[in-house]
Amino acid sequence: MALPTQTIQAIAVSPGIAIGRTARITGPTGSLEPEPHKITEDEIPAELSRYNAALALTRKQLVELRQEVRNKLRSQDAEIFDAHIMLVDDRTFSAEVEKGIREKLFAAEYALYLASEHFANVFAEMPDEYLRERAADIRDVSSRILSNLTNIHVHGHEIDMDDRRIIVAHTLSPSETAGLETGKVLGFAVATGSATSHTAILARSMGLPAIVGIPPELPEQLSAEDKLIIDGFSGKLVINPDARTEEAYRLKKAEAGQIRSRLESENELRPETTDGFIVQLAANLDSPEKVEEVRRCGASGIGLFRTEYLFMNRPGLPGEEEQFEVYKKLLVECDNAPLIVRTLDVGGDKFNTNIYRASEQNPFLGLRGIRLCLHERRDILETQLRALLRAGVFGNLKVMLPMVSSVREVIEVRSILEQLQQQLDAEGKEHVSNLSLGVMIETPAAALMADRFAPMVDFFSIGTNDLVQYTMAIDRGNERVAYLYRPSHPAILELIRLCVEAAQRHNIWVSVCGQVAADVYMVPLLVGLGVHELSMSPASVAVVRRVIRSMSMYEMEQAAQAALNCSNATDALAVSEALINLRAPEVVNI
Amino acid sequence: MSAEEVFEREITVGNTMGLHARPAAQLVRIASSFDASMSVEKVGDGEDGEADCRSVLSLLMLAAGKGTRLILRTSGPQAEAAFKAAVKFFESNFGEDE
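Line by line, the protein sequences give chains A and B. So that you can map any letter, position 154 of the first sequence is 155 in our numbering, and since no number is skipped, the others follow by simple counting. So that you can map any letter, position 35 of the second sequence is 55 in our numbering, and since no number is skipped, the others follow by simple counting.
No lab work stands behind these hints: they were computed from the structure. Glycine is no exception: its CB is placed at the ideal position from the N, C-alpha and C atoms. Take the hints with a grain of salt, since some may be wrong.
[Said to hold, decoys possible] A short list of chain B residues far from chain A (calculated; beta carbon distances all over 12 Å): (1) V26; (2) F27; (3) E28; (4) T32; (5) E61; (6) V63; (7) R74; (8) R93; (9) G96; (10) P97; (11) Q98; (12) A101; (13) F109; (14) E111; (15) G115.
[Stated by the list, open to error] Covered, in the sense of this in silico footprint (three residues per stretch, anywhere, with C-beta under 8 Å from a C-beta of chain A), are these stretches of chain B: (16) 42-48; (17) 76-90.
All chains should be modelled from the sequences, with the hints used to inform the complete structure.
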């Protein structure tokens, strides 16, 4: 039954408007417990062959899915499916199911369910985090086999999407998003997550609207007939809109589309202010396959390549050669445009059980980023730096360190780099000798000490997502303090000012690579403060270029100065809003 | 050589990550490429600690972390070749921890 017309306020995490019907993704764990149907002894052979047919079909589907993911995404994403295929082939698992059919005379569905629960529970009890997580794989595969046995489709990617739909889910795992046919998705509405969660990053990189924080019970209540509107600007979700509302949104969407395509036709134009200052616009890259998008949007280079993705969703760690090949290929594709690689940043919410096992009370204040690499996993850092030193000869490589809070950390990395260079010399391996090294400014300590950091590095890159979180002392995932997440807060602007001034004194440059670099209202403030480069998702470059081309450096400096003198985030933002409304009103709401 | 002959020796899991999914999968591939049965047993665990090397689930359930002592056992027509291949795989630390 369709839900009544209503509007829900959620949180916008990727801009745009989507209008369409619902495709619901229910959780991957087979919460569908089958009925414990019994069979007679005569029925055993038929039941066994039914099970084997379902296994064969599942195997075929998984092989196809793996191929599809390989074509669409990175090969590492496809490895999840290797593990699943292995489980389908597993003798111990099948033997347990057969035992349920032969000895306990259960129908295949229930025998499968029992076996799955048996093994999943064994794994769930294991002390090792990595093995514990395999319980989810077992349930995932079992619910696939079960759906083939009973023809109930429980997986998102098996939802019959004859037309393009809006994906609604409680939570969306990376493997579920990977399984979606991207051409058939209009947008995302998810209950859990934040602007920096996987779904948000993925939606932005696909240029699709997304909102998070919808009521957790909503996905269960919606059905395929429910029509939805996602407003990725305001965070609104409209369920079964009336004709007038829908028409209004269609208009808004069409206008946004027109402006956007006009802006994208300006990709060749220089990001130059009306008084002749050039601001570098770079793109953030989360997976090496997306380099083509960067080229299309007219970015001057890659301002942030997150290397965590090389380490995720896989057993074991990527070796030096594997990393070297990835970096080298990217550098060649960048064709001498700058590529800024961030060394591994795990810990905090970027959890990776291969590397990081300790449980901490406050992981965001714990051993993450460069701290983890220097104190516990120096081996990982060394492998990565060796690969980077070697790849550096193929282009314009810059490397930056995440989560820096003390000068000591840079000194240590510099000394590691020196040792690695000697090693590489001794091995006769080609490498760069003066690797361009920068630090991420993500902690208030780093910003306050910018003057001390500046002589030791070649650039600063301000990671605003974390800088806001640490400066305002708020947990990004905690909705109760979300109202304090305000990048325009004068405290943040002041820290950015300190960095820029220290950089100017030491003749190094400053980039901003957080989500605010794509926030049209923040752009005049950042540029006015003296930031040299903004790095954002490729989809945002066109809009930011227009903002920069619409106003003068003088106006932006005036705005930044006025914002710095404000006493709160709202007033500071109002300064910038006034400038945008005056000079570039077309960029609001696209 | 009789088909009944059993090859057996103790080995230790040497890599940092232990016998996790990737090496387990590789061991299944090795075991499946010979006409032989192959098992590993946790030293001291008796029957409960025995895993069929052709089943990745069974191997993972051993939860054999670094330093775990295992008894590798092969039997069947190609027992010797299977045994050698498996020993080599274990001794290479599964190709990890260069």
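Given coverage of the stretch 76-90 of chain B by chain A, checked by CB-CB distance under 8 Å (3 or more): Contact hint for the stretch 76-90 of chain B vs chain A: holds, 7 residues under 8 Å.
Minimum Cβ-Cβ distance from A101/B to chain A exceeds 12 Å: holds, 21 Å
Taking the minimum C-beta separation from F109/B to chain A, is that value above 12 Å? Given that every Cβ of chain A is farther than 12 Å from that of F109/B, nearest at about 15 Å, it holds.
Far enough from chain A: is every CB of that chain over 12 Å from the CB of Q98/B? Consistent with the label, Q98/B stays out of reach of chain A, its closest Cβ about 18 Å off (over 12 Å).
Report holds if the minimum CB distance from E61/B to chain A is greater than 12 Å, and violated otherwise. holds, 15 Å
Assertion that G115/B lies farther than 12 Å from chain A (Cβ): Since the minimum Cβ distance to chain A is about 9 Å, G115/B lies within 12 Å and the statement is violated.
Regarding the assertion that E111/B does not contact chain A, is the least Cβ-Cβ distance greater than 12 Å? Holds, since 18 Å exceeds 12 Å.
Report holds if the minimum CB distance from V63/B to chain A is greater than 12 Å, and violated otherwise. holds, 19 Å
Go check the stretch 42-48 of chain B versus chain A for me, would you? Three or more residues, Cβ under 8 Å, otherwise it fails. holds (count 3)
Against chain A, does T32/B hold up as non-interface, every C-beta pair farther apart than 12 Å? At about 18 Å from chain A, T32/B clears the 12 Å cut-off, so the statement holds.
Run the C-beta distances from P97/B to all of chain A and say if the shortest one exceeds 12 Å. Fine: 19 Å to the nearest Cβ keeps P97/B off the interface.
Could you check that no beta carbon of chain A comes within 12 Å of the beta carbon of E28/B? holds, 21 Å
Figure legend: structure checked against the earlier numbered hints; hints not met, in rising order: 7, 15.
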